[in-house]
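Sequence order for the protein chains is A and B. Going by this note's numbering, the first sequence runs without a break in its numbering and finishes at 607. Going by this note's numbering, the second sequence runs without a break in its numbering and finishes at 108.
Treat the hints loosely; a few may be bogus.
Sample of chain B residues at the chain A side, in silico, Cβ under 7 Å [said to hold, decoys possible]:
(1) I15
(2) S17
(3) S21
(4) V25
(5) I69
Heads up, simulated DSS-like pairs for lysine-lysine below, C-alpha to C-alpha not over 25 Å straight-line [what the hints assert, rightly or not]:
(6) A:K424 - A:K522
(7) B:K58 - A:K475
(8) B:K58 - A:K84
(9) A:K522 - A:K403
(10) B:K59 - A:K475
(11) A:K182 - A:K522
(12) A:K182 - A:K197
(13) A:K165 - A:K197
(14) A:K403 - A:K475
In case anyone wonders, no lab produced these hints; they're calculated from the structure. Just so we're clear, the structure is a prediction, and the values are computed from it rather than from any experiment. Ideal placement from N, C-alpha and C gives every residue a C-beta, glycine not left out.
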Amino acid sequence: MEKFYFNRFDDRKPYHAIPDSTFRTYLFQFAGILTAFAGIAYLRWRWQHSLNYEAMWFSLPLILAETLCFIGTLLLIINFWSFKDAEKTPPVHYLSEIEDLHGRADRPVMIDVFIATYNEDVELVRYSIRDAKKMNYPYTDVPVRIYVLDDGRRDGRDPSRQNMKKVAQEEGVGYLIREHNKGYKAGNLKNALDQTKGDLFAILDADTRPFPDFLVHTTGYFRRRKVAWVQTPQWFYDTTPAEPLNEVIKSRLGIRNRRAARLIDLLFGKIKINEDIFGNDPRLFYDVILRKRNLYNAAFCCGAGSVHRREAVMTLALKDLAREIRRLETDLLRKRTYSNEIAGETRTLLLEQDIIPFKFHASEDIYTSIMLHADKENRWESIQHPDIECKMLSTQDLDSWIKQHQRYAEGSLDIAFKDNPLFKKGLTLGQRLCYFNTIWSYFAPLWILVFLLSPILFFFTLTLPVQGYSFDFFKYFIFFQVLNAATITLGAWGICTKRGDQYYISGFWFMLTALVSVARGKKVKFNVTPKNKQMGKHMQHILPHLVIIGLGLLGIAYNIALLATGFHPTAAGFAANAFWFLFNAVNLSIMIRAAYWKPLEPYDEQV
Amino acid sequence: MMSRYKFLLRPLFYIFSILFSSWMVLWIESISPSDFGKYGALFSTPVPAPPGGRDQLKKLYREYKSGRISSDEFEKKFEDLLKTFPDDPGNVPLDSKKEKNEYTDPGR
């Protein structure tokens, strides 16, 4: 098989899911309640006593930003409340184990595995196909069929392109294509469902390599008749490894001198940097955020690495069709159309309208999840499986990372503006809050931008956004921040959140772009995440970061000059804002570092 | 016997957490500085100032001007504030000053 950059990471072993602990859960809940109270006390004091009425243009946006940010904290506490993993059961054998037969003859259950691809290297897809072929299933009479869903139509018609069909044939798996790309990935899956018959089907992306027990560990959940899908954690096994700082310095500066090299080794030899430089590790999301949503039956599908019940998505599709027909009939009745005309129009609609199992949307997975959860008649359930059952590739450059995350942001925001789950009929309160939490996190640039600009505004206007950095300010603020940090640590026990926090702040610009784009009604595009390194497209992403850091440094220099000459009105204000700016700058710098990151040993294989 | 009441543990835990949090908030509010805020600014020359006196005076004035407190309330609060000024020669009850005609009240 062809060699790729990721072959060097093949030996990496996945992490183990965080073990559930009742004691830790109660400790977290206690800390969460304390944080909520401390936060409310802090904000009450801020609103009532700390506003600088002489600079409301500055004071008001900051306090609004803090309040909005606190809403996010409350939603996170609700999300993190407790684990509720579903009981694991052996894999299913017969259809009667997963659904009522209603007089039909029983038979072994049928399972399809879909590998969706568009433009990825066919040899990369071959790895996924081979791993899918290695999947075990304890019952030999259960057919497990693998299909490559090629939306790139690489069936050999264009000799200048790679031939995906040939690879599928060589590997002995099914190959399904369509003549258009309507509905993007959702359309691709719909096309596959139209042509296959599996009672359960697994969705894998082109780079998703399932482990041998993927199906063994996931199909048992479907014994619960209302389980619509099971999502397994996505584990990126090719995140950048930690690099010794001394080697990075020597390599970047091209140091050849032995003495200098030895000195650098002595000073920096034990420090490691750049581990997961792109913040790709999604463990916090899958092992905590999504897994804890099992409590509210609100874990949503993330596409790759999930197994679905065909009946659930098809029921949803048929309901959508029925709704369309009802809407048409109502319209025609309003126009006083004759009954035979109504019947004719309905028949035409039935013939022309597609049955769409997955919503045609840039975020088809989360949107379909919302619709299934909101189905009052069926009350579909979702399960976030705790253990890793497949491995995937992560983005290897900043441009691809931003494209991928911008699509997530735009998709989620589009749902927020058009079909907000907070007001969606059929969802329970817990589900509403959990979905709203996801959407709310994409509004973060609104407050992050204020937090980033505040110290800079102070440096140049010498105006404080609060009445003063008094004892009262610090007593409320410190209590709240310490409790908040303790709560997050307990909630995400065992997972380092440092990189996530950094990207949360430094991702403000692309999230702001996404927010503006969706608010202006721009159509959300489905960008396929590139699986190869995109070079030289970074400056546009980090320019805002450089501007903010540059302005901050200029502001600090100006303030130091004022202090030195005795003209600075508030040294305490400068100290507080300088500290605040440095915190921001460190977090912003991660994206700049990521933009210019190169591995110490260049990947000589294909990337 | 105890297992019959086990179901009460969780609600009791939440009630305790809420009560403890409420107490904590009240406690935070009651904390007053020892010497923090004794000085007008953290890094400036330590000019002794009454704790929060200037700020409170400003706040009181703003509240009175904006009509959020009546003149009676203002007077009472102002007196209370004056009492907090240590070794202030003016720290004499307003009433006694009125008797000595040291004050003329422009508002009446």
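Do the hints match the structure? See the list:
1. I15: violated (11 Å)
2. S17: For S17 (chain B), the interface hint holds, since the closest Cβ of chain A sits about 4 Å away, which is under 7 Å.
3. S21: Hint on S21 (chain B): holds, closest Cβ of chain A at ~4 Å, below 7 Å.
4. V25: Where the cut-off is 7 Å and the nearest Cβ of chain A is about 4 Å from V25 (chain B), the hint holds.
5. I69: violated (14 Å)
6. A:K424 - A:K522: holds (23 Å)
7. B:K58 - A:K475: Cα-Cα ~22 Å, so holds.
8. B:K58 - A:K84: Violated, at about 54 Å.
9. A:K522 - A:K403: holds (16 Å)
10. B:K59 - A:K475: Within the cut-off at roughly 20 Å; holds.
11. A:K182 - A:K522: holds (18 Å)
12. A:K182 - A:K197: holds (22 Å)
13. A:K165 - A:K197: holds (21 Å)
14. A:K403 - A:K475: violated (42 Å)
Checked against the numbered hints given earlier, the structure breaks hints 1, 5, 8, 14 and satisfies all the rest.
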